[in-house]
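A.B. asks: Residue numbers (our numbering): 717 to 777.
If you're looking for bench data, these hints aren't it; they were derived computationally from the structure.
For each label pair, taking beta carbons as the anchor points, the in silico distance ranges come out as:
#, residue 1, residue 2, range
1, 765, 719, 49 to 57 Å
2, 758, 732, 39 to 47 Å
3, 726, 760, 49 to 57 Å
4, 718, 760, 48 to 56 Å
5, 765, 728, 52 to 60 Å
6, 769, 724, 45 to 53 Å
7, 744, 770, 29 to 37 Å
8, 763, 719, 43 to 51 Å
Built from N, CA and C at the ideal position, the CB exists for glycine as well.
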Amino acid sequence: MKFAKQYLESIDGVEVYPIISLIIFFTFFVGLFWWVFTTSKKQIKIMSEMPFDDNLKDHNQ
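Construct the entire structure; sequences and hints are all you get.
C.D. replies: As structure tokens, this is what we get:
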């Protein structure tokens, strides 16, 4: 672990990477929650029936 700490300390600007990863993580989940709460019930029903829809399977083949 001592080697990793010394290696990371020698990289210029390394402290920005955890901040960027947190922003990406936060943005993804905020976008996901927004999509879940704004998607219509009709669209969710259509997507939930897709695996059982024989007409859709015929179009993909």
